[in-house]
Amino acid sequence: MNWKTFWALLARDAHVARRNFVPLILQTFLQPMMFVFIFGRVMVRSGYMPVAYKSLLLPGIMAISMIFTGVWAVAMPLIGEFQFTHEIEDRLLAPIENHWLAIEKVCFGGAQAIVAGLAVLPAAWLLLRPGVELNLQSPLLFAVVTLLVALLSACGGLALGCSINQEKIGLMFSMVLTPMIFFGCTYYPWSALENFPILHKVVLVNPLVYASEGLRGTLVPQFPHLPIVAVLAGLFIFDLFFLMLGLRQFRRKAVT
Amino acid sequence: MAAIMLAGIHTQDLRKIYTSPPPMAAGGGFGPRRKGKDQPAREVVALDGLSLDVRGGEIFGLLGPNGAGKSTTVGILTTRVRPTNGKAWIGDYDIWAQQVEVKRLIGVVAQRPNLDFALTAREILLFHGAYFGMDSRTRAARATELLDRFKLSDRGDQLTRGFSGGMMQRLSIARAMMHDPQVLFLDEPSAGLDPQTRLLLWEIIREYNESGKTILLTTHNMEEADALCQRLAIIDHGRNIALGTPAELKASVPGGFLLRLRFGAQSSDLIDRLKTLNGVREVRVNNDDNGDSNADVYADRGGSLVSEIASLAATASVELSDVHISEPSLENLFLHHTGRSLRE
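Here the protein sequences line up with chains A and B, keeping their order. For the first sequence, this note's numbering assigns the number 946 to the initial residue and increments by one for each residue that follows. For the second sequence, this note's numbering assigns the number 2 to the initial residue and increments by one for each residue that follows.
FYI, nobody ran anything at the bench for these hints, they're computed from the structure. Where hints are given, some of them may not hold.
Only pairs whose alpha carbons sit at most 16 Å apart, straight line, appear in this in silico EDC-like list of lysine to aspartate or glutamate [as the list claims (entries may be wrong)]: (1) A/1198 <-> A/1032; (2) A/949 <-> B/328; (3) A/949 <-> A/1032; (4) B/152 <-> B/102; (5) A/949 <-> B/195.
Rough simulated footprint, nothing fancy, chain B against chain A, three-plus residues with beta-carbon under 8 Å [unchecked claim]: (6) 946-952; (7) 1037-1049.
Note that the Cβ used here is the ideal one computed from N, Cα and C, for glycine as well.
Given these sequences and hints, build the entire structure.
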């Protein structure tokens, strides 16, 4: 392992992210903030939603922002760089084993997801006030869940980015990410699906369920949520699965 | 560490069979397809037992038509393509087993542009240096020197997206030289360059070589191979079909001159007579579908043979419809070995 090279690869990604700072901010914040505004404020103020919905919504919005940011930060550059610009080739020739480049992408995407999650949290809280009741009981547990969610998004991005063809990016969003978000217990708790017994079980294959339920369980534990052990296990298993899949796909792309 | 100071390249019986379409730079053309009942139909043999020995410190050329296996060879030698069989070494390092050590020794210019579009020209060089662990002061100085050498100083702080093909190519070469690699790979380096830039590039390559570096370049441009390479391998269908200095290779063509003749009708009698002409070394006949007869005459003189050939044809009452004379060249050599023109 060559730390100098690894560090330089990270520095390159950070440099590029700095250069694209404004679009990156818009991309991260615009959609969740609009959602928070309409559902958390407009709908609540007009009486269509109970005030408690504000607190329920917040962890879900954080989960969406993190997953979107991480997937986007890792998958989009990989799709473009492997298939279109080939600009990754220079980094594949850097004196480090190829899989470290994939791991670097995961670290960077994960860090971006954490920043997005931690930034969306106060922004949404400001927009929703008053009436939001956050009950952060164990900061450590919250940190662990946040880290696992960030890794989930970045590893998922790696697996997607190395598996999807450039012309299928649109399909990736409409067929993978959108259903994931709607069936990801982001806008409602998992327990709300009890009236749909089949769906209630089926959505458990959606990794986003563990992300939003985990954040819900650590930020607003007063609402029903999956047991935290199940959340940790689910996140860990999905992290590992996507990392292994992503690394395998990455190796296939990197060497013909 | 003499082996490191002058790192050579050695390959032993390299084979590469693509089961999916080969990457763009390594193909476009296709080698012979393998036919077999239990083999998938898409198998393409790109390399078919290629053995090469490039000495440390030489400029070595791989010459061949599109699809001959040049880019696949470069891909394997630069860790980007996994060989199906065979082994390859750079210096003392096994390329597949010791990739990181190998990557440290090599600089690579790929056939298609692969610049980092998110960075400026200078940043591309700086980050490349950083990947190789160069300290920031050395990096900055080297980047400035290379931008200057490749006449890119005035565009150094611009993003490369708007660069012309030639500028991208120059920057790719500068980047490959940034960490001062012992072995430099250039895949079709002068494709798309204007004649002036090509001369600049040749000068830079020679200069780099004089500082003790090994250079392997692929080309299908005979002029470039002739002008630049100390030794050449001619490859076709993934095999090495001739090896030597440009002069040796050219001398290996019988006579050196090539007269390509076309007759309106076949006449074996005429062919026999052609062989008896003074200076003619070899005559090869191939008949095409139109009933025309083509003859390649290898001889040690050129134009002065034409009148004799014409009078022979007249005596045999065969119409001589076309004559093409070429002087000793690698093109003739390629044709002699493969029966195909390098440009085909």
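Each hint tested on the structure:
The straight-line distance between the Cα atoms of residue 1198 of chain A and residue 1032 of chain A is roughly 13 Å, inside the 16 Å bound, and the hint therefore holds. At most 16 Å may separate the alpha-carbon atoms for a hinted pair to count; residue 949 of chain A and residue 328 of chain B exceed this at roughly 54 Å. For the proposed pair residue 949 of chain A and residue 1032 of chain A, the alpha carbon gap of about 20 Å is over 16 Å, so the pair is violated. This hinted pair does not check out: residue 152 of chain B and residue 102 of chain B have alpha carbons roughly 32 Å apart, beyond 16 Å.
Of the pairs offered as hints, the one joining residue 949 of chain A and residue 195 of chain B is violated, with about 38 Å between alpha carbons and a cut-off of 16 Å exceeded. With 3 residues carrying a beta carbon less than 8 Å from a beta carbon of chain B, the segment 946-952 of chain A meets the three-residue requirement, and the given coverage holds. With a threshold of 8 Å between beta carbons, the proposed coverage of the segment 1037-1049 of chain A by chain B holds, since 7 of its residues qualify and at least three are required.
When each numbered hint is compared with the structure, violations occur for hints 2, 3, 4, 5.
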